[in-house]
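**Student:** Letter by letter, the chains look like this.
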Amino acid sequence: MCSPEVSGHVKELEVDYGVPSVGVHADVFARLVEAVSRQNGQPRARRAFVPTPVTTKTPAELRGYIEGNDPISGRPFYEQLVEELTRALADEDLRGTESDRSTPRLLEPGSEDDLQQVFIDNYWTDFLPIVLPTEERVQRMLKGTSHAPDELVGSLRPTGYRELWEFTVEKVAVNAVMAGARPEYLPVILALAASGVTARQSSTSSMANLAVVNGPIRDEIGMGSGIGALGPYNHANATIGRAYGLLSQNLQGGSRPGTTYMGAQGNPFNYSSVTFAENEEASPWSPYHVQEGHQPDESTVSPFYVWGASWNEGIRDTWQENLKAMLGGQDPFMGAILTLDPIVARDLVARGFDTKEKLVAWIHENVRMRADLYWDRFTMRNLMHDIARRGEEPWATYAKAAPGDLLPVFEPDLIKIVVVGGSSNGQWYSFNGRTLDPRFRNDPSDPMTVSVDAWR
Amino acid sequence: MSKLTVLSPEGYPPAVTTAGLSAPLDGLKGKTVFLVDVGFENSDNFMRQLQGWLGEHEPSIKTEVVRWADQHRPDPVLSERIRSQGDAAILGVGL
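From first to last, the protein sequence lines stand for chains A and B. Here the first sequence is numbered in my numbering, starting from 1 and rising by one per residue. Here the second sequence is numbered in my numbering, starting from 1001 and rising by one per residue.
Keep in mind that a hint or two might mislead.
In the SDA-like style, the derived pairs of lysine to any residue whose C-alpha atoms are separated by at most 20 Å in a straight line are [stated by the list, open to error]:
| no. | chain 1 | residue 1 | chain 2 | residue 2 |
| --- | --- | --- | --- | --- |
| 1 | B | Lys1029 | A | Glu83 |
| 2 | B | Lys1003 | A | Asp121 |
| 3 | A | Lys57 | A | Asp376 |
| 4 | B | Lys1029 | A | Lys57 |
| 5 | B | Lys1031 | A | Arg87 |
| 6 | B | Lys1003 | A | Glu135 |
| 7 | B | Lys1062 | A | Glu79 |
| 8 | B | Lys1003 | A | Ile120 |
If you're looking for bench data, these hints aren't it; they were derived computationally from the structure.
Just chain B, with the same shape it has in the complex (with noise of 0.2 Å):
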């Protein structure tokens, strides 16, 4: 039986670039965690629920429930914010 040859059709993905993590934290003892509620539904309620569970089990660890200004763009005011006033951040939620 003869053989073909044929075109792929898929199209070109951008290659990856690096982009490596930020160093890993100690401990969360005594620490600032930015609780950030991106925007999609139900998310606000999720992390005051996270919030309110981290105040009553790990009472050292300081939390702010924030809000990303836009779901589809960065917030460079809060990200400086984050990165000025807190140790890390939890984001959510993927829905």
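Bound conformation, chain A alone (with noise of 0.2 Å):
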């Protein structure tokens, strides 16, 4: 989502260098445009608007949009503009706004049902019902950790150029009461909020998350990870999951159509935040934490954004044109999360890829895109060719591809894999996604795959 990134530009030419400066947004943005600008400590910062969508329109189209009115504010385009830059300002706008924003550790008494429509109204649920968050649930809750109710685990926010919300052991136990979890889910519940990865990403293109969970702590909070592992079937992965999400939305300043969530369709991902234990007993591979550099006796969490999976059967003798088949389709930006069941990791043992790193060697290699369609990607455009203009590579080689020329889909860092199933099937799935992108991380810097041992 890009109107918070250009509200944040006009902010710093206006703030910072002092030029009267105009944002033009899509008109879906409106309401989100006006939040931020708020939160930017100018209520009233100047904006005009345009019809949705843009990014289609052809060059005539754009001229109407622009000879058209704005959809805002009824009045002819132009005329908003000079407007927006000619206008008397109020001293409130001279001056800018402060506030402080404090919320309340406990809300108003109420009844049970009152109170989960209290939740409800204030879009800090999923519109399941929630186990309401008493002190004494809290409490029990925070026992699950040896860390004090009142340090703090870190920020979030629903996407770049937003403001950062932050939160406490505590804030985050409330959450994971509401989501049904059990106090021993609590340290995997903080890595992951400790992550700086929301799973309530308001991107317009309905991001929603899997999180996979590594060593020791699989087997000591009962978590999934043979049959039904990625689905409704485990009280430890179910929970999490939910936590994953409620403490997200809810921790971040919310996750509401319009403002703070604008994904077009929305995700049905984002029930689960597709949460599971790697199967790594019955890998024939090294665990994904250990690849990311941890010990195989640490407990992880990794978090990865995904879109949507394509679903396959079995490594038959056609398997590597299916895989092809299968990844090529895929958005070159998100990467692959391959999850299999042990079968298909065997089967591909016997076929030479004796490691995980083989594999993605083989995909990487193998699976591609023809250049004109690489790049005419929403994400390729929107994300990637800024990268290739500075000159970064592969990108920038990639850019220069004949529009035939056959490109690889995914870089070999965008291809992981993960083992998981309880082997009644060689079933695998492809997730289109990835870690989130060091552009968008709180700091560069910080890691995918978190500690959960740090936070019991």
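Both chains are sitting in their own frames, so use the hints and assemble them into the complex.
**Tutor:** The structure is reproduced here in structure tokens:
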């Protein structure tokens, strides 16, 4: 999503450089722009709107937008620009606003039904019933960690260039109670909260998440890594994933359609955040967290962003063509997270892929996309084109490719492999997903495989 | 019916700090306006169309289409140039 960035750059020019500046936005973002302007201390920041969409419009259609009316103000677009740059400003506009928006620790007491409705009305739930976070329940949840309730855990936001909200151990515990989690799950939930990776990203592209748990904590809390591990068949998997979603929306300042959530269709994976344990015991390969530099006896959780998944079954004689077709249409920016049943993993070992790295190298080399299709993707146009323009490889070279040249769909670091499943079928998914791009992390060096042990 | 007391699930927002707008212009006639393509899809075409429209309808306004260096970061070089050579800026498109 790009409106927060435009609003942020308008503020930079206005405040840091003294240049009167207007942000032009697609009208679907009107409420979001207003909210961001308030948070930026400029409730009446200069802005104008054109109809949605902009991305697929021809130059003639864009000219039509300029010749037409601002759909929010109703006046001709050009007049809106002039008005914004020349209108007399109130003292408040020149001074900016300042406010303390502290949130209370306790809500007004109420009945069970009334409080359930309060949580629904405030968009604090996923619209399924929650466990109300009473003091007693939260205190019980806090026994799942040695960390003090008032210890700062981290910060989250719905997307880049929005404000970061902070939160404590107690706040995470509140959301864990709401999700129905047990105290022994709290270290995993705290680790997810500390990752800085929100499970309620506001992108217009409707992102969701996937979280892989590795190490001894899997067995200690009874996580599922076998039959049905990715579905609603394990208490820990289900409630940790739900807690990840609830804590994200509530601790980052919301996930409301129109202001802090803009996914065009939404994503059904948001209900569960697809949280499961890797089946390390049945895997012929190194566990995921060991690949990421951790010791086998460390417990970790690795959050990813995903859009969707393609399904497949078995490693048959045509598996290579099958895999190319399966991955060849996925998005190059988002990468591929392969979740393979142990049957599939063992069959791949039998065909020479005795490490995950060898399979990653094969996919990078053999799964290809025509350059014109590669660069015509929404993400490549909006998120990678600038990187190519700045000369970063391999995208600078890819940008010079002829339209019919075949480019690798995925760079090796965007191909992740996890073994999960109970071997009732040689099933495998390719989730179109990735770890959070360093450009959007709170700190670009933040690890994307997070220690659970640190939150015990 | 007994009442329950529950904890708020919300995090802690940062305080909003003052950020005033810069003084308005007395008009755009004869002014230099930078049209800033922030880099999102089709923004370059939008700014070129805006430049063309202004050239036809408001020829006294001087315009230059420029590209923000990195959509996700401040651009101090371009911002300084706009301050020293321009009177106003139009940025977009937020989509």
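**Student:** Which numbered hints does this structure break?
**Tutor:** Per hint list: single violation, 4.
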